[in-house]
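Novice: Sequence:
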Amino acid sequence: MFSGYLPQNLCIGGSLEKISADNNHFLGLIPKGMRNCSNLFRVRLQNNQLTTNMSEFACLYPKLDYMDLSNNKLYGELSPKWRQCQNLTSLRLSGNGLSGTVPSELGELNKLRRLDLSSNHLVGEIPKELAKLSFLLDLNLSHNEFSGWLPSEIGTLSELDHLDVSSNNLSGAVPEQVGSLSTVRYLSLSRNRFSGTIPFQVGNLFSLQILLNLSHNDLGGKIPSELGSLQFLENLNLSHNTLSGLIPSSFKNMFSLTSVDVSYNVLEGSLPDNKAFHGASLEVLRNNKGLCGTNQGLQLCNSSTVSKSRAHESHKTVIIIVLTLAGVVFVMLASIGVFFHCSRRKIDVKKDYQERHIEDLFCIWNYDGRIVYEDIIESTDNFSDEHCIGIGGYGSVYKAELSTGQIVAIKKLHASEDGVQTGSKVFKDEIFALSEIRHHNIVRLYGFCSHAQHSFIIFDYLERGSLFKILRDPEEAMNLDWIKRVNTVKSVANALSYLHHDCSPPIVHRDISSNNVLLDHEYAVRVSDFGTARLLKPYSSNWTAVAGTYGYVAPELAYTMRVTEKCDVYSFGVLALEVLMGKHHAEFISSLTSHHHHHCQLVKVFS
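At position 309 of the sequence shown (counting the first as 1) the number is 309 in UniProt numbering, and the numbers step up by one without a gap.
Treat the hints as calculated values from the structure; they're not laboratory data.
There's no promise every hint is true.
[Unchecked claim] Straight-line alpha carbon distances no greater than 30 Å define the calculated DSBU-like cross-link-like pairs of lysine-lysine that follow:
| hint | residue 1 | residue 2 |
| --- | --- | --- |
| 1 | Lys132 | Lys222 |
| 2 | Lys399 | Lys289 |
| 3 | Lys73 | Lys128 |
| 4 | Lys18 | Lys132 |
| 5 | Lys583 | Lys469 |
| 6 | Lys132 | Lys399 |
| 7 | Lys275 | Lys490 |
| 8 | Lys252 | Lys222 |
| 9 | Lys63 | Lys18 |
| 10 | Lys18 | Lys81 |
| 11 | Lys63 | Lys132 |
| 12 | Lys484 | Lys566 |
| 13 | Lys484 | Lys73 |
| 14 | Lys412 | Lys399 |
| 15 | Lys128 | Lys63 |
| 16 | Lys111 | Lys412 |
| 17 | Lys275 | Lys289 |
| 18 | Lys18 | Lys566 |
| 19 | Lys399 | Lys18 |
| 20 | Lys275 | Lys412 |
| 21 | Lys566 | Lys583 |
| 22 | Lys111 | Lys583 |
| 23 | Lys583 | Lys484 |
| 24 | Lys490 | Lys252 |
[Claimed, not checked] Label pairs and their calculated CB-CB ranges:
| hint | residue 1 | residue 2 | range |
| --- | --- | --- | --- |
| 25 | Cys503 | Met581 | 24 to 34 Å |
| 26 | Ser195 | Gln296 | 44 to 54 Å |
| 27 | Lys18 | Phe255 | 14 to 24 Å |
Quick reminder that beta carbons are idealized off the backbone N, C-alpha and C, glycines included.
Please build the complete structure, drawing on both the sequences and the hints.
Specialist: And the structure:
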């Protein structure tokens with residue numbers, strides 16, 4: 001690490017494009033010479049002790065794309081002049097001493113994808129103009145002193161993945177429009193003064209995966225049964241409210257739930273049939289009116305308690321049946337009209353499809369396949385080399401920015417992989433299954449397109465790239481400290497545990513290697529590349545040709561060629577050793593046997 005002061009004449013020539021001096025002990029003022037950096041594109045000065053008055057900030061950088069000044073000693077108020085940084089996609093100012101209100105002009109940064117103003121002293125209302133940031137992925141306003149209501153307009157952020165407004169003084173009802181955040185995976189509204197009931201529309205957030213935290217508020221009433229639809233949710237915290245009644249039995253459908261906290265409410269009755277509740281400690285269930293179950297420290301449920309729960313559910317069932325019958329009548333009448341409309345429309349669609357000359361196109365995506373196909377072809381200039389960011393044994397990887405502003409990674413496959421045609425029903429079934437995977441340590445598969453000319457898979461794009469590349473870059477490897485390395489190994493283990501034990505049927509990755517472990521800007525880990533993955537179906541022999549990366553393949557595959565979860569476990573062991581040593585064991589052995597390392601001391605191996 002470096003210390004001292006940054007030179008004040010930095011960028012005196014005006015041609016500097018990137019500044020990276022993060023994670024050091026630099027102190028003093030941010031260099032005034034930076035005002036001359038008209039070509040500045042990226043600034044990374046986070047985790048230092050730098051200081052400046054942000055009230056005097058003026059955007060003199062027309063090309064500025066990324067700025068991270070978090071965890072310094074910045075002070076003053078945010079200037080409305082930030083709106084001049086029209087190319088800015090990421091602004092991180094967390095962990096400083098900023099005060100005042102958030103200027104509504106930030107809503108004019110049309111390309112902004114990440115905004116982190118957490119852990120400051122910001123006050124006033126959250127400006128509704130932030131809802132104009134239609135490409136925003138990450139909004140973190142936590143640990144400030146915001147007051148007033150959470151703007152209902154926030155529900156229009158259709159690309160939002162992460163929303164955190166915890167630890168503020170927000171009040172009023174949780175807006176039902178929150179239920180429109182169809183892509184959000186992390187939602188924390190905890191430690192505020194929200195009142196009223198939990199909107200049932202929260203049950204529409206089918207992408208919720210990492211966290212739903214509504215704890216430490218003044219929320220009351222019953223827990224909506226619609227929350228049981230959150231099948232991918234892993235962590236749920238409803239503690240320290242005044243929620244009453246039964247915990248809905250629909251929670252048994254929350255198959256991914258691993259952590260739950262409903263303590264300090266007024267809940268009663270039996271716990272739902274869910275593994276997260278079965279394994280819950282008394283700490284996350286305590287201080288309720290009368291929860292019962294077999295958990296240690298809880299009273300056992302008696303027959304009257306169980307009957308009361310069943311009667312409550314039966315009453316709800318009757319209502320649902322009545323509403324369903326009414327709905328069926330309506331749907332039957334509507335279907336007649338739709339049938340005639342679709343019959344006429346089918347002719348027009350077929351004609352349009354032929355005019356586009358896209359033959360044999362098969363797509364799995366969340367909207368019209370042809371639009372996706374054409375969007376990707378255009379954004380990659382028909383898969384030109386300048387958009388290629390990597391080449392592997394199963395295809396080339398391209399970076400693409402879609403017309404929506406979303407950045408994705410595209411793996412363009414060879415014509416046929418492992419003898420399976422991409423248009424076959426078996427392959428389509430596998431892609432359907434893989435697209436349903438939701439785990440925070442697995443790269444999300446958005447879809448697949450197969451065409452006479454191109455077949456490709458669409459994934460998340462992660463900024464730091466592969467673990468292989470990071471370990472072999474001296475600067476990047478230094479930033480990957482022991483805590484991050486241990487977290488990397490644990491994250492891969494979590495991903496494999498999910499694939500092997502929580503997927504039905506189980507999935508064997510078959511190509512766990514440092515090239516297929518990706519990291520984002522915050523060093524969060526994702527396992528990627530299911531080009532060789534196979535679903536372990538109960539009545540399948542799972543015999544296959546040897547697949548995987550040399551040096552990671554389990555030795556028994558050389559003579560049995562039988563795919564099991566143990567193949568991944570072997571590869572994981574090799575990977576774990578590589579993370580700890582900084583290089584693959586084959587490289588290490590080669591260096592030990594070289595002429596220059598005959599007398600290498602063992603202590604140097606692990607230094």
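Novice: Could you run down the list of hints and mark each one as holding or not?
Specialist: We went through each hint and held it up to the structure:
1. Lys132 <-> Lys222: This hinted pair is violated, its Cα atoms lying about 33 Å apart.
2. Lys399 <-> Lys289: With a Cα-Cα distance of about 54 Å, the restraint between Lys399 and Lys289 is violated, given a limit of 30 Å.
3. Lys73 <-> Lys128: 28 Å, holds
4. Lys18 <-> Lys132: Distance ~28 Å between Lys18 and Lys132 Cα, so the pair holds.
5. Lys583 <-> Lys469: 11 Å, holds
6. Lys132 <-> Lys399: With Cα atoms ~26 Å apart, Lys132 and Lys399 stay inside 30 Å; holds.
7. Lys275 <-> Lys490: 22 Å, holds
8. Lys252 <-> Lys222: OK: Lys252 and Lys222 at ~17 Å, within 30 Å.
9. Lys63 <-> Lys18: It holds: about 11 Å lies between the C-alpha atoms, which stays within 30 Å.
10. Lys18 <-> Lys81: 21 Å, holds
11. Lys63 <-> Lys132: Measuring from Cα to Cα gives roughly 21 Å; hence the hint holds.
12. Lys484 <-> Lys566: 26 Å, holds
13. Lys484 <-> Lys73: 25 Å, holds
14. Lys412 <-> Lys399: 11 Å, holds
15. Lys128 <-> Lys63: 27 Å, holds
16. Lys111 <-> Lys412: 27 Å, holds
17. Lys275 <-> Lys289: 22 Å, holds
18. Lys18 <-> Lys566: 45 Å, violated
19. Lys399 <-> Lys18: Given that 30 Å is the threshold and the Cα spacing comes to 21 Å, the pair holds.
20. Lys275 <-> Lys412: Since the Cα atoms of Lys275 and Lys412 sit roughly 39 Å apart, the hinted pair is violated (cutoff 30 Å).
21. Lys566 <-> Lys583: OK: Lys566 and Lys583 at ~23 Å, within 30 Å.
22. Lys111 <-> Lys583: 38 Å, violated
23. Lys583 <-> Lys484: Judged against 30 Å, a Cα distance of about 16 Å means the pair holds.
24. Lys490 <-> Lys252: 28 Å, holds
25. Cys503 <-> Met581: 24 to 34 Å: With Cβ atoms ~31 Å apart, the hint holds.
26. Ser195 <-> Gln296: 44 to 54 Å: 34 Å, violated
27. Lys18 <-> Phe255: 14 to 24 Å: Once the Cβ atoms are compared, 45 Å apart, the range 14 to 24 Å for Phe255 and Lys18 is violated.
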